[in-house]
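Colleague: Two chains, two frames, a set of hints: combine them into the complex.
Top line first, the protein sequences correspond to chains C and V. So in my numbering, the last one in the first sequence is 145, and the numbering has no gaps at all. So in my numbering, the last one in the second sequence is 1363, and the numbering has no gaps at all.
Because the hints were derived from the structure by calculation, they are not lab data. A few of these clues could be false.
To be verified - Under the rule of at most 20 Å between Cα atoms (straight-line distance), these lysine to aspartate or glutamate pairs were calculated in the DMTMM-like manner:
hint: 1; chain 1: V; residue 1: Lys1227; chain 2: C; residue 2: Glu123
hint: 2; chain 1: V; residue 1: Lys1359; chain 2: C; residue 2: Glu101
hint: 3; chain 1: V; residue 1: Lys1359; chain 2: C; residue 2: Glu123
hint: 4; chain 1: C; residue 1: Lys82; chain 2: V; residue 2: Glu1351
Owing to the predicted nature of the structure, the values given are computational and were not obtained by experimental measurement.
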Amino acid sequence: MSEKEFEPVIVGFFCNWCTSAAADLAGTSRLHYPANIRPIRVMCSSTVDPVYLIRALQEGADATILGGCHPGDCHYISGNYKARRRVVIVKTVLKSLGFDEDRVLLEWISGSEGPKFARVMNEYTEYIKKKGPSDFKYVDSLGGE
Amino acid sequence: MLIHWEVSDVYNDVLKDFLKKAFEKGLIEAVIAPAATDNSYTYALVTKKEDVDKLTPIAPVMQWNGADMIRRITRLKPAKRKTLAILRPCETRTYKELIKFNQINPENFYLLTYDCPGTIHARNYAYEQTPVDDLIKSMKEGKISEKVRESCRVCEYPTPIKGVGDIGFGIIGVDEPVFFSLSERGKDFLAKMEIQEGERDDSSWVEMHRKNREKWLEEKRITGGRKGIEKFLAQCMNCHNCKDMCPICFCKECFFEDHSVFDYESEKFYNWADDKNGIRLPTDKTLFHIGRLIHMGTSCIGCGLCQQACPVDIPLYRLFGIVGNDLQKVFDYKPGVNDDLPPVMEFREEEFEEFVGLKGGEE
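Chain V with its partners taken away, still in its complex shape (with noise of 0.2 Å):
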C-alpha cells in the first residue's frame, strides 16, 4: 500500500510543527485540516496535538469545499473551542462568502490560507497517485502543472488576499517558506507564536493564471442558446450532484427537489408532449441548471467542484464559472474578496435602469 503522507514533504512539516506549536501555547484547541484516506483526501477535524500528525495540511485532492465543511460545524451554534482552519485560497473566499450569507459563525475561528499550486481531480487521484510535493515542485518553477483541474488552471486568486482569513503562507518565489498577516487577528496571532513576518512575490503566480482565464473566458463560452446549452448538457443525468457539492447552494430545501413546483397531474405530461412534439424525461434538466445559475451565480467562488463532481464529466465549470463572470461583472462584485455584500442581498434606489422597459428605461 502506498503511505503518501509519509513522502518527506517540507511545506507540511513547516506547517505541522506550526499546529503543534499553537497547540503548545494554548492558541488554538482544534484544527481542521485535510487528512490522507487510502486514496484520496478529506477534511478532518483534529483536538489533540498528538493528532496533528495524521493530517496533509496542504494536500493535492480538494474532496470537499472546506468552507462547507465549517458551515455544517456551526450552522446551529458557534464554535466554543478556538479553531483554525487550513482552507485553499478559494475556500477562504467561500468561507468570507458563507459569512455574507449568515451561514458561518466565525467566532473563534482562525483561518490558515497558502499559495495553492491547485488540485488533482479526485478520481484522476484515485488512479494515479501524485504527491503535492510535485505540484509544488512545479509551482516553484513556475509552470501549473498538466495534472490540475480546469478550473484550478483558471483561477482567479490563487494566493492570499489581505483581509480574507488570518494568516498567510507563502512558497512562491522564497527558498524558506514564510507567514505572513492577512489580518489583525493573524497579526496577534503570528505575534503570539513569536514568529516575524515574511514578504514574497506572487505577482507571477496569479498573472500566469489570470492570462489563462482571459482565454479560457473567451474559448470556452457556451453560446447559441437552446441548442448550445443542449449540446452542452447532452450527457447529464440529472443527479444534481453538482448542486449537493457548491458550497453557495447552502439552502436546506432546494427550489429543485422534492418541491412541489415539480410536480404534476400526469395529463400535463401528455399536454406538453403534443405541444412540443415530444418531451425529454425526466423533464426540467435544463431548467435545473439555469434555475441554479440564477440563484448562485452571483456568488460562485470558482471552485470548480461542481465539475469534479459531475459523474458523467460535463465540464460545468465552463457554466458556471463562465456566466457567474458575467453576472459578478454586471453587478461590479467579486465573491469572497471584500466586504461588500452579495448582489441578491442588497439594492440601491438608482441602479439599472436600462434593465427596465423595452427602450431601457427611457419613457
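Isolated chain C, as found in the complex (with noise of 0.2 Å):
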C-alpha cells in the first residue's frame, strides 16, 4: 500500500460580505476548488480576533486563511483595513518567534471574483502540501518530534 499524500486542513475565516459570496459563486459556476478548505463564514474580517487565527493552528489547521472585500469595499466602511493590521500583527509575532508565518494568509476576493476564489484556494493548498503538516499543532502536548 502507497503512503497516503499528506493532506492539509486549512481553516478559512469568509467575510459575509465578500468572500463568502465568492465562495459561492465559485460552487455555482461549477469551478473546483479543493476541500482541504474549511470555511467559516464571519460577518466581517474584522470581527476575528487575531487570537483564533493561533487558535485554528493549535487545534490541528495546517493553515489559516482569513478572507475580506477590497481596500475600500468594507460592507463596514473600515473594518478590512484593521483586519490587514492584525494580520500584520500575528505574522510579525509568528515570524519573529520562529514560526512559519506564510501559515496565515489574508486574501482580498470580492463577491463577483469566483475563479479568484477558487484559484487562491487552489494555490494555497498547493503551497501548503508542499510545505508540509505544520509543528504548531504540538504547541502545549507530549506530540511532535
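Modeller: The following block contains the structure:
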C-alpha cells in the first residue's frame, strides 16, 4: 500500500459580504476548489480576533486564511483595514518567534471573484501541501518530534 | 528594624521640599509618589503637606506601574484635586499611552519625572535592602548598577523626554539637581514656583542603555518556533501574574479569563489527547502568551513588570520586549514618546500591501 498523500486542513474565515459570496459563486459556476478548505462564515474580516487564527493552528489546522473585501469595499466601511493590521501583527509575532508566518494568509476576494476564489484556494492548498504538516498543533502537547 | 527612609538622601529631600512649597503655594492639592513599606515601596496618595515627609519620591523599587495607579483613580471620573504624580520615565510613557487608550483622564494631573537610576527587583530588595543612594551614586559615576533589573539595564528612554510629562528633574552630570519643563503646563508650574529652569546633559546615560539594548535584542531573542517557546516557558504555571501587572493589559474582561472561548466539553480534551499524542494541562499556556503578545505587544512600554511578577523567574521581558520591539518596528511606532496613535487604534488606506496574499500583494 502506498503512503497516503498529506492532505492539509486549512481553516478559512470568510467575510459574509465578499469572500463567502465568492465561495458561493465559485460553487454555482462549478469551479473546482479543494476540500481541504474548511470555511467559516464571519460577518466581517475584522470580527476575527487574531488569537482565533493562532487558535485554529493550535487545534490542528495546517494553515488559516482570512478572506475579506477589497480595500474600500468593506460593508462596514473600514473593517478590512483593521483586519489587515491584525494580520500584520500575527505574522510579525509568528515570524519573530521563529514560526512559519506563511501559514496565515490574508486575501481580498470580492463577491464577483468566483474564479479568483477557486484559484487562491487551489494555489494555497498546493503551497501548504509542499510545506508539509504544521507543527504548531503540538504546542503544549506531548506529541511532535 | 531598618528604617531606610531616614537615610539622608539629598535628591529625595530636594523633591520633598519642592512638594511642600507647591502645597504652600496652592499649586497642588495632592501627591502620588512611592512610600516605604517594611521591605519595599508602594505608591501612596497624600493630600496634606504634613504627609509629604512619609514619601520617598525616588524609590529603589518599582512594585507597580504608577500610571496603572492613576488609571485606577481616574477610570470612572477625572480627579477634582490638582495632583502631582512623581513617576519614572517608563511610567510617564505608560501614562501617555494609557491616555491614548482613554484609560486615564489627565485632567488636573501634573507629572514630574526624573533621570532614572534603574530599579531593583522587588524580591531581591526584600533580601538585600539597597538604598536608592547607591543606585544614584553609580549613575553619577556613569555605571549602571549591577543590582538593577534586566529591563532597566536595557531601557530605551531612561531619562525624561520633551513632551512626555510636565516637569523634569535632572540628576546626571550636575552637582546640584536641576528642574526643567517638559510641557507648557510644566513651564507655567515652574514659573509659579519661582524656580529657574536648569540644563544638564544626559546623552551618555541614554547612549549606555541603548548600547545594552542593541546587544540584548540580538542575543536574547527567542527563536526556534515551537521548541524555542516551549523551552522558554517550560516553568510557566499559567498564573497570569504577568498579565495582571502589565499596565497595558487594562481590559476588565480578559480574553483569556472566564471566557467561554476556553470552555469545552470533556470529550474535546480526550480528542485532543488522541490527536496530539497527549496534551499538557492546563491547556493553552503558550497560547496565552502568544495571544497576549498579539493584543498588547504593539504598545509594550518596557517597564519589565511582567518579569518582576513572574513567580518562577521566567525572564518574560525577553519575550514581550523583543517581540514587542519587532512589532513596533513594523508599525514605525514608539509607545508613549509622542502623540502618534497606537497601531491597533488607527489604519491607513494604503499600507502593508506586502502582507496580503501569498506573493505579497502582487496579483
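Colleague: Hint by hint, say whether it matches the structure.
Modeller: Comparing the hints with the structure gives:
1. Pair hint V:Lys1227 plus C:Glu123 does not hold up; C-alpha atoms about 29 Å apart against a cutoff of 20 Å.
2. With a C-alpha separation of about 13 Å, the suggested pairing of V:Lys1359 with C:Glu101 holds against the 20 Å cut-off.
3. Under the criterion of a C-alpha separation no larger than 20 Å, the hint pairing V:Lys1359 with C:Glu123 is consistent with the structure, at around 11 Å.
4. Distance restraint check for C:Lys82 and V:Glu1351: the Cα-Cα separation of roughly 11 Å lies within the 20 Å cut-off, and the hinted pair is therefore satisfied.
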